[in-house]
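With chain A held as given, fit chain B onto it using these hints.
Protein chains in written order, with the numbering used here: chain A, 10 to 251; chain B, 10 to 251.
Watch out, some of these pointers could steer you wrong.
Chain copies aren't distinguished; within one or between two, either way the pair holds.
[As the list claims (entries may be wrong)] In silico DSS-like links for lysine-lysine, alpha-carbon gap of 27 Å or less:
(1) K202 to K248
(2) K216 to K244
(3) K244 to K202
Worth flagging that the hints you see were computed from the coordinates, not collected in a lab.
Take a look at the letters that make up each chain.
Number of protein chains: 2
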Amino acid sequence: MINAASLKRIRVVLARPSHPGNIGAVARAMKTMGLAELALVAPRSFPHPDATTRASGAADVLGAARVHGTLASALEGCVLAVATSSRRRELRHETLTVRDAAARIAAQASAHQVAIVFGNETTGLTSEEAGQCQLWAHIPANPEYASLNLAAAVQVFCYELRTAVGDTAPSAAPEFEPARLEQVEQLYRQFEKTMVNAGFLDPGNPKRLLPRLRRFLARAQLENEEVNILRGFLKAVDKLRP
Amino acid sequence: MINAASLKRIRVVLARPSHPGNIGAVARAMKTMGLAELALVAPRSFPHPDATTRASGAADVLGAARVHGTLASALEGCVLAVATSSRRRELRHETLTVRDAAARIAAQASAHQVAIVFGNETTGLTSEEAGQCQLWAHIPANPEYASLNLAAAVQVFCYELRTAVGDTAPSAAPEFEPARLEQVEQLYRQFEKTMVNAGFLDPGNPKRLLPRLRRFLARAQLENEEVNILRGFLKAVDKLRP
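This is chain A alone, in the form it adopts within the complex:
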């Protein structure tokens, strides 16, 4: 049985799409697999007649798409954001295949809002965009030509998600509450501040420390209470400052 409610909890985020036709084709790809929530970050041109044409019977999904100024805003309310690429090395992280990632996403989407993020058609995701995600996934492709069309990549992801959501028995209620992304972001900022306060981080010469910290916090997939513990500890450290 397909869990239609889980699919509706998966948000497709397009970061800086150039071609409005692709936005419409993405809406269509989503709807054929039962996804409905589309978020656009700084689209070059939207709304646009090309988007409407290519959406075909998915005018409802396209019409409900929300436009955001920043990726952080498009990710609000999500507990997991997955960066995607057809070029595995582009993401500079260890990446899952789309199939393995779909299983992880489906498990979270049984109870929580999740996002999958697709980059610009030509340039893909920037490292800053990818850094705001917790999982990295790629579509295994021909190494000599791995450039899937944006909507085609979305189609493959949504197809795997529909398959994964159908495979998973509705999972037992999770024991712990995952942290929302904005909480993790606040924790990261506080970590940075406290590291500077403690004289551990030279803000003029941070080297690779901050990206490493961000990467580590992303991978840990923190829970609510863990964020609270760590923030409480950092607050206590700040008070020590002579």
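Structure of chain B alone, referenced to chain A:
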């Protein structure tokens, strides 16, 4: 390892495609998955600039496409032809899922020429066309809107074929050195000590804090350098103590 030769033995046949843009997008979808042989049965308009544009980097696949007057001619030399649809009932046969069909196709393609046949964008395959095939396959889709774009459907089939023909490429060697368990244990001890020093943890009444910390550090699967960063930070904090 991907068996590139098997993928080259799989012919994609488009029966009476209406939109030349779709033909180009199909060529691109094929090439991203390592397929190369495209056959067109009575295309309405081909060659066409829209096909060339949408083919993007797959101009070679598009340029090598052969145009046929009949489906029978396009199937010549094949030992197996698979009829496809996103609408299961359209084919009026018992159908396999695309995943199961891909496994059957991959088995044949290790030694023989095989064809997958896609129908017209609006009308799909006629029963006469479907009747010339030996297997029927569908992409499981949203029953309320199962109309995948032609090139999107080809992308999903080719993706499943690439997966079926070989396990995905061995994942890249991890760029970073994972921490040894004893290093994580030392980090945990130091965290505990610093939390006590900072007045954040009452050693007489630790509550659930330490098990949560341990659980979080275990789940994070820390790397060598991350352990060093965190231990360096904790050391700096210890020095702050008034």
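At most 27 Å between alpha carbons: which applies to K202 and K248, within, between, both or neither? both (13 Å within a copy, 17 Å between copies)
Taking 27 Å as the upper bound on the Cα-Cα distance, should K244 and K202 be classified as within, between, both, or neither? both (10 Å within a copy, 16 Å between copies)
Pop the pair K216 and K244 into one bin, within, between, both or neither, using alpha-carbon distances up to 27 Å. both (24 Å within a copy, 19 Å between copies)
Hint violations for this structure: none, all hints satisfied.
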